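**Student:** Here are the chains, one letter per residue:
There are 2 protein chains.
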Amino acid sequence: MEVEVKIKISLEEYEELKKKLSIICKEINETEMSDTYFSHPCYDLAERDEAIRLRRTSTVSGKVISELTYKGKRMEAGYVKTRNEITVNVENDSTILQLLRALGFKEAIVVRKKRTEFDCSSYIVSLDEVSGLGTFIEIEGKEGCGPDCVMRARDSLGIKGTIERKTYLELLMEREAKRK
Amino acid sequence: MEVEVKIKISLEEYEELKKKLSIICKEINETEMSDTYFSHPCYDLAERDEAIRLRRTSTVSGKVISELTYKGKRMEAGYVKTRNEITVNVENDSTILQLLRALGFKEAIVVRKKRTEFDCSSYIVSLDEVSGLGTFIEIEGKEGCGPDCVMRARDSLGIKGTIERKTYLELLMEREAKRK
Chain A
2 MEVEVKIKIS
12 LEEYEELKKK
22 LSIICKEINE
32 TEMSDTYFSH
42 PCYDLAERDE
52 AIRLRRTSTV
62 SGKVISELTY
72 KGKRMEAGYV
82 KTRNEITVNV
92 ENDSTILQLL
102 RALGFKEAIV
112 VRKKRTEFDC
122 SSYIVSLDEV
132 SGLGTFIEIE
142 GKEGCGPDCV
152 MRARDSLGIK
162 GTIERKTYLE
172 LLMEREAKRK
Chain B
2 MEVEVKIKIS
12 LEEYEELKKK
22 LSIICKEINE
32 TEMSDTYFSH
42 PCYDLAERDE
52 AIRLRRTSTV
62 SGKVISELTY
72 KGKRMEAGYV
82 KTRNEITVNV
92 ENDSTILQLL
102 RALGFKEAIV
112 VRKKRTEFDC
122 SSYIVSLDEV
132 SGLGTFIEIE
142 GKEGCGPDCV
152 MRARDSLGIK
162 GTIERKTYLE
172 LLMEREAKRK
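Protein sequence lines correspond, in order, to chains A and B.
When the first sequence is numbered by the numbering used here, its final residue is 181 and no position is left out of the sequence of numbers.
When the second sequence is numbered by the numbering used here, its final residue is 181 and no position is left out of the sequence of numbers.
Mixed in with the good hints, there may be bad ones.
One copy or two, it doesn't matter: identical chains are merged, so the pair holds either way.
[Said to hold, decoys possible] Here are the simulated SDA-like cross-link-like pairs (lysine to any residue), alpha carbons at most 20 Å apart as the crow flies:
| id | residue 1 | residue 2 |
| --- | --- | --- |
| 1 | K107 | L46 |
| 2 | K64 | N90 |
| 3 | K179 | T60 |
| 4 | K143 | E3 |
| 5 | K167 | M2 |
| 6 | K74 | A103 |
| 7 | K74 | R102 |
| 8 | K64 | S23 |
| 9 | K179 | G135 |
| 10 | K74 | Q99 |
| 11 | K107 | T70 |
| 12 | K9 | R176 |
| 13 | K179 | S11 |
| 14 | K179 | E86 |
| 15 | K115 | C26 |
| 16 | K74 | T96 |
| 17 | K74 | I97 |
| 18 | K64 | E92 |
| 19 | K27 | T117 |
| 20 | K74 | V131 |
| 21 | K107 | Y44 |
| 22 | K107 | P42 |
| 23 | K64 | E77 |
Hints are computed from structural coordinates only; laboratory data are not their basis.
Predicted, not measured: the structure shown is a model, and the values here were computed from it.
Using the sequences provided together with the hints, build the complete structure.
**Tutor:** So, in C-alpha cells, the structure goes:
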C-alpha cells in the first residue's frame with residue numbers, strides 16, 4: 002500500500018528544497034525514469050482508476066532497472082493518496098513490452114522525469130522534473146508513516162506549493178486532450 | 002521461434018533413453034517444473050491457439066527460477082511444431098501471480114513435471130514425467146536445427162513411441178473434460 006502526497010512547486014522552490022533536503026535527509030538516488038502506461042485489452046483502466054506501468058529507471062552510475070507495476074484504485078484520506086501497488090522486477094523491458102503487446106495491451110502514454118530521492122528516515126521525498134509538466138515534490142510514507150505523518154512531513158519541510166491530487170499520467174492526458 | 006517434437010514413450014523406453022542419453026549427450030539439468038496456465042480476461046486463448054504460462058523451476062541444487070511466457074499460434078511443419086515464444090524472467094512468482102490476477106487473468110490449470118535435460122549439441126532433449134499424463138521425450142532444435150534436423154534426431158535416437166501433437170496443457174484439459 003502506497004501512501005503519498007504530491008505537491009506542485011515552482012522551479013525556485015524546487016532548488017531551495019533540493020538544498021535543504023541534502024542537509025537534513027540522505028540523498029539516495031538521482032535517476033531518469035521513463036514510465037510507459039498501457040491500455041487494457043478489454044476494459045478502460047482509467048475508468049476503474051487502475052493503471053499498468055512499465056518503468057525503466059537509469060541511475061547516474063549507468064545501472065538500468067525495469068519494473069512492471071499494477072496500480073489499484075486510489076483511496077483518498079484527506080489530501081493523501083493511498084493505493085494498492087503490485088510491482089515485479091523484470092530483467093528486460095523490451096521483452097516484457099513484446100509480451101504485453103502479444104496479450105493485447107497497448108502503449109498509451111510515456112511519462113519522462115528526472116527524479117532525486119531523499120531518505121528522511123520515516124518517509125521518502127522525491128524531487129521530480131517531469132517532461133511537459135514542471136517541478137513537483139512527492140512525500141511517500143514508509144511502513145508506519147500514514148496520512149497524518151505524511152502531512153506533518155510537508156509542514157515540517159515548509160513546502161509552499163499546491164497539492165496535486167492527479168497523477169502525472171492524468172495531468173499529461175489532460176494536456177494532450179486540450180491540445181486536440 | 003521454438004521448433005520441437007514431443008513423443009509419448011513407455012516408462013521402459015524412458016529408462017532406456019535416460020541411460021543412452023547420459024552416454025552420448027551431456028546432462029544439463031534435472032528439475033521440477035510447475036507450469037500455471039492462465040485464461041485471458043477478454044478472449045479465449047485456446048481458441049486462438051495462444052497461451053500464457055508462469056513457470057516455476059526448481060533445480061536439484063535448490064535454485065528456483067520463475068519465468069512468464071507467451072506462446073503464439075502453432076505452425077505445423079509435418080510432425081514438428083514451431084511457435085513464437087516470448088519469455089521474461091521474473092524475480093518472484095507470487096508477485097507476478099498477484100499482478101496477473103489484478104489485470105483479470107485467471108489460473109486455468111497447473112502442469113507439474115519432472116524434467117531431465119540433455120544437450121546433444123545441435124538439439125536439446127527433455128525427458129519428462131508429467132503428473133497425470135505419463136512419460137514423454139521432447140526434442141527441441143537449437144538455432145539452425147529446423148524440422149528436418151529434429152526428425153533426424155528422433156530417428157538416430159531410435160525412439161519407438163508415438164508422436165504427440167498436443168501440448169501437455171491440452172492433454173490435461175481433455176483428461177479433465179472426460180472426467181466430468
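**Student:** How would you classify K64 and E92 at a CA-CA limit of 20 Å: within, between, both, or neither?
**Tutor:** both (12 Å within a copy, 17 Å between copies)
**Student:** Is it within a copy, between copies, both, or neither that the alpha carbon of K74 lies no farther than 20 Å from that of V131?
**Tutor:** Classified as neither; 23 Å inside a copy, 41 Å across copies.
**Student:** Classify it for me, K107 with L46: is the Cα-Cα distance of at most 20 Å met within a copy, between copies, both or neither?
**Tutor:** both (12 Å within a copy, 18 Å between copies)
**Student:** Pop the pair K179 and T60 into one bin, within, between, both or neither, using alpha-carbon distances up to 20 Å.
**Tutor:** neither (33 Å within a copy, 55 Å between copies)
**Student:** Between K179 and G135, at a C-alpha cutoff of 20 Å, which is it: within one copy, between copies, both, or neither?
**Tutor:** within (17 Å within a copy, 62 Å between copies)
**Student:** With identical chains, the pair K107 and P42 could be close in the same copy or across copies; at 20 Å between alpha carbons, which is it: within, between, both, or neither?
**Tutor:** The answer is both: 8 Å in one copy and 15 Å across copies each meet 20 Å.
**Student:** First find the shortest C-alpha distance between K143 and E3 inside one copy, then the shortest across copies, and answer within, between, both or neither for a cut-off of 20 Å.
**Tutor:** Answer is within; shortest intra-copy Cα gap is 9 Å, inter-copy 45 Å.
**Student:** Checking K74 and I97: alpha-carbon separation at most 20 Å within a copy, between copies, both or neither?
**Tutor:** between (23 Å within a copy, 18 Å between copies)
**Student:** Give the relationship of K27 and T117 under a CA distance limit of 20 Å: within one copy only, between copies only, both, or neither.
**Tutor:** within (11 Å within a copy, 50 Å between copies)
**Student:** How do K64 and S23 come out at 20 Å by Cα distance, when the copy is not named: within, between, both, or neither?
**Tutor:** neither (22 Å within a copy, 41 Å between copies)
**Student:** Quick one: K179 to S11, C-alpha cut-off 20 Å, is that within a copy, between copies, both, or neither?
**Tutor:** Neither way: K179 and S11 sit 22 Å apart in one copy and 67 Å across, limit 20 Å.
**Student:** Classify it for me, K64 with E77: is the Cα-Cα distance of at most 20 Å met within a copy, between copies, both or neither?
**Tutor:** neither (35 Å within a copy, 42 Å between copies)
Of the numbered hints stated above, those contradicted by the structure are hints 3, 8, 13, 14, 20 and 23, listed in ascending order.
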